[in-house]
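A.B. asks: Chains A and B supply the protein sequences, listed in that same order.
For what it's worth, this note's numbering labels the leading residue of the first sequence as 1, then goes sequentially.
For what it's worth, this note's numbering labels the leading residue of the second sequence as 1, then goes sequentially.
Misleading hints may appear alongside valid ones.
[Stated by the list, open to error] Straight-line alpha carbon distances no greater than 30 Å define the calculated DSSO-like cross-link-like pairs of lysine-lysine that follow:
1. A/Lys84 <-> B/Lys89
2. B/Lys266 <-> A/Lys125
3. B/Lys514 <-> A/Lys141
None of these hints come from the bench; they were simulated from the model.
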Amino acid sequence: MLDTAITTILDVDKVSQVFSTGSGEARAPVLSDVSMRMRTGEIVALLGRSGSGKSTLLRIISGLTRPTEGTVKIEGEPVDGPAKEVAMVFQSFALFPWLDVLDNVEIGPRSNGVPLDETRKRALKAIDTIGLDGFESAYPKELSGGMRQRVGFARALVMQPKILLMDEPFSALDVLTAETLRTDLLDLWQEGRMPIKAILMVTHNIEEAVLMADRILVLSSNPGRIASEIPVTIPHPRDRLDPGFRDLVEKIYALMTQRPDPTKPATREAAAAVGLGLALPRVSTNSLAGMLEEIAAPPYDGKADLPHLADSLQLEIDELFPLGETLQLLRLAEFEEGDIKLTPLGRRFVDMDVDQRKKALGDQVLAHVPLASHIKRVLDERPTHRAPATRFREELEDYMSEDYAERTLRAIINLGRYGELFAYDENSQTFSYENPQ
Amino acid sequence: MFNSIASAGRRALPNQWDLIAFAAILAILTAIAKSYHGISAPLPAPSESPISLDYWQLPYYALRTTLRMFAALVASLIFTFTYATLAAKSRRAEMILIPVLDILQSVPILGFLSFTVTFFLNLFPGNTMGAELAAIFAIFTSQAWNMAFSFYQSLRTVPRDLDEVARGFRLSGWQKFWQLEAPFAMPGLIWNTMMSMSGGWFFVVAAEAITVGDTTIALPGVGSYIAKANDAGDWSAIGAAVLTMGIVILLYDQLLFRPIVAWAAKFRVELSVSEDVESSWVLNLIKRTHWLRLGSAPVLAALRSISLWSVRFPTILRAQKTSEQPSRLLDAIWILIVIAVAAWAAWLTISYIATELSWDEVGRVFVLTFYTLLRVIVLMLLATLVWVPISVWIGLRPRWAEAVQPIAQFLAAFPVNLLFGAAVSLVLAYNLNTNIWLSFLIVFGTQWYIVFNTIGGAAAFPNDLREAAANFRIRGWRWWTQVMIPAIAPYYLTGAITASGGSWNASIVAEYVKWKDHTVVAQGVGSYIAEATEKGDFPRIVLGVAMMSLFVTLFNRLFWRQLYAYAERRLRL
Chain A
1 MLDTAITTIL DVDKVSQVFS TGSGEARAPV LSDVSMRMRT GEIVALLGRS
51 GSGKSTLLRI ISGLTRPTEG TVKIEGEPVD GPAKEVAMVF QSFALFPWLD
101 VLDNVEIGPR SNGVPLDETR KRALKAIDTI GLDGFESAYP KELSGGMRQR
151 VGFARALVMQ PKILLMDEPF SALDVLTAET LRTDLLDLWQ EGRMPIKAIL
201 MVTHNIEEAV LMADRILVLS SNPGRIASEI PVTIPHPRDR LDPGFRDLVE
251 KIYALMTQRP DPTKPATREA AAAVGLGLAL PRVSTNSLAG MLEEIAAPPY
301 DGKADLPHLA DSLQLEIDEL FPLGETLQLL RLAEFEEGDI KLTPLGRRFV
351 DMDVDQRKKA LGDQVLAHVP LASHIKRVLD ERPTHRAPAT RFREELEDYM
401 SEDYAERTLR AIINLGRYGE LFAYDENSQT FSYENPQ
Chain B
1 MFNSIASAGR RALPNQWDLI AFAAILAILT AIAKSYHGIS APLPAPSESP
51 ISLDYWQLPY YALRTTLRMF AALVASLIFT FTYATLAAKS RRAEMILIPV
101 LDILQSVPIL GFLSFTVTFF LNLFPGNTMG AELAAIFAIF TSQAWNMAFS
151 FYQSLRTVPR DLDEVARGFR LSGWQKFWQL EAPFAMPGLI WNTMMSMSGG
201 WFFVVAAEAI TVGDTTIALP GVGSYIAKAN DAGDWSAIGA AVLTMGIVIL
251 LYDQLLFRPI VAWAAKFRVE LSVSEDVESS WVLNLIKRTH WLRLGSAPVL
301 AALRSISLWS VRFPTILRAQ KTSEQPSRLL DAIWILIVIA VAAWAAWLTI
351 SYIATELSWD EVGRVFVLTF YTLLRVIVLM LLATLVWVPI SVWIGLRPRW
401 AEAVQPIAQF LAAFPVNLLF GAAVSLVLAY NLNTNIWLSF LIVFGTQWYI
451 VFNTIGGAAA FPNDLREAAA NFRIRGWRWW TQVMIPAIAP YYLTGAITAS
501 GGSWNASIVA EYVKWKDHTV VAQGVGSYIA EATEKGDFPR IVLGVAMMSL
551 FVTLFNRLFW RQLYAYAERR LRL
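Construct the entire structure; sequences and hints are all you get.
C.D. replies: Structure below.
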């Protein structure tokens, strides 16, 4: 008992988050019943796609957002408001553009009443640790992305937090810069040169999670919940080409593209996900066709390994998964154990000309996306053959958050336009059958 | 029900909050007017005007006027920092403050001059202090609203990640204000301050020399000088006043605003280094001086320490908008109080007008306001037809644009009063119809807003679109309607909205023109207000201003706002 109290640095207990709309009505939850723990000396990665609530969870842990339900404790102390024990590194760097590097690093301690000379000592040490010597008087505008994020790290370290929170810290950087920063950070961590006890990072990059974390928590989407927990036991320094590393990456890809187990009893969400409540990601029809063509062509010849495909198309899982899932939904391709495989229709689609493709995709959308057939039915029933978008938006919001509803509506407009199922007028926000003749 | 009231504040159509704001403003004016009647202290009799047309007096007058303008500017900044901050931080305050500000921004402030003048004169009877304060207040009313609005909008759009950093580091309200919110709002605030300074001249001229009933004020200043020159019909004095104004504007632009703009470039939140860097020789000079920098270093360090004081704002200001559900009961009570006060205010205003004026009078003023509306619409159309093609031509030529844009901004500062001599002479010489020909005066000062905004829009037109238009040989009518007009629309509308508001204000001056002993009048609500002001006939002033405010507000909401919203949504590149 005493033992766990010492080593458990973070305890997230049954946290749920529901964002209410302007009118105070509760909507579909963003996070649902999330519990997790972190031990001292651990790097934990929260892996999930955009909209899985992973950034929200990070903000709840930092105390920036109050959860609707559940509690967060850091070293046994409940978090109530922005916590002193954590510091955050942002995806967008979030540096004050009007302050130079030194001022940006010093602003935290100075605002919290640390004496000036003590602040200066700590700031210079952090700047030195993170490799920013010589840039003290530069303004963020003058720095490259990598250097800016180093300022972001220094600014967090100078607060001497117990837990370092990182919100996709490398995703705004180019590949080379990101890799340098990752290894630098890992080196500092391994050598114990950072005054922190644990790191919690949010990412949508599977390889990044496997490279850095001791434990990976995979979040599912809509609503966000912890789907699985994967310990990473590969010793540091980890090599991306190491077979063990590859296997684990492959395994996580398979896990994240797995279809819901049909033997499990259907939950409310699962029931919704087959009707109108099916949330659609916003994908371009050009990308869908491009992906089908890529999978059909050598070396894949109709069946592609997801990590390889992600590599060769230069796509993050945030882009790859929505494409793959849309293809799967439309029965043009399907996931299989970390691979993606074309269906017979998918193979035929690749050889079609533009008009045939539009027809085929339109048919598939109508057959497999309940929202599309719903819109068409409403248009058919109405004497004017017109219907306002708000009608469908409100229906969608019964099942999902406002953002998801908007994205789904956008997606169906895009697919409907491409398949020539219906027209949509942006000015009047109405669906109709009227295309310019 | 109450939520619909609460969230309606940002929609374009007039709503209940506007009515409430409207009533509140008019009630305050009525209260002032009543207090004027109530205080029966004799006002100073109209004495010999102390203003001399001697050229050598002009530098002194210019100094007095400039000081007045800066005093008003300081007041505007204080107002901005408090009012806009309160509106941005407190949801309940926001419900009232923003509609009020919105109305204040669009009503013709010049019409209120008579009220404020009497109010301040009564505060300091028999003392020039009252007159000075009245003038400063008049200038303040022309400067403050758009500054406050800009600041409020900046506060509402502080980037989320920077806000999270500030909260994550547990900055107090005071610290966050000075470390994040004020710097972020700086570029917009500075731009609006410059525009305000320009617009202030119109009010200086109107406020320094004013007659309300038996009271005549003539404070030493450029405005009084122009008024006196108009009275005397002295052409060369008018010329001297123009020259003086030009020099003063150039001086404060070069010595104050340019350096501030160049310095404030660092507050812009953008990731890349912008191409055109503002520079200022004054700022460079200051940066190069050694002593000045040495001397100012401790001051700056002290200011920085002050900005880092960890004072917490009172809880009422820290009411969080996101996390906690607002109490509906409190909201309901608050809204009921506001409605009650507004209803009482409206009743007060109506009953005040009703004591002396009949419904016929209201009908007459309605017709007069309609004339002025017609005048504004026609003249805006004419100004658009003339200036848009010219401005586009200039804007597409970067060298020209660079030279002309500041000149147009400069011209916008010159008040219409400078043209009175020319207008009266022409009208009398050719026996012109005043209802038609005086109309041109109302866009004299305001057309420049259309010019420099349109130039800005055309200059920002992307080069690839220009090349595409040329490549596909899109010319003539089609080029205007499908390429250029959509591209400049958001910019043009920004200018046109300012110009339209300014024109309503100008009508109070421009429909009632005096030169030597001639008075030339155009039928309209502007001349109605001007005449009533001269006679000190307060019920008529209230009626005229209320009617004009109503027209302007509706015109803005139903026409300009809709157009602007459309342009922002569809045409912003």
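A.B. asks: So, for every hint listed, does it hold in this structure?
C.D. replies: The hints, checked one at a time:
Between A/Lys84 and B/Lys89 the CA atoms are separated by roughly 24 Å; this keeps the pair inside 30 Å, and the hint holds. Pair hint B/Lys266 plus A/Lys125 holds up; C-alpha atoms about 27 Å apart against a cutoff of 30 Å. A C-alpha spacing of about 56 Å is found between B/Lys514 and A/Lys141, which places the hinted pair above 30 Å, so the restraint is violated.
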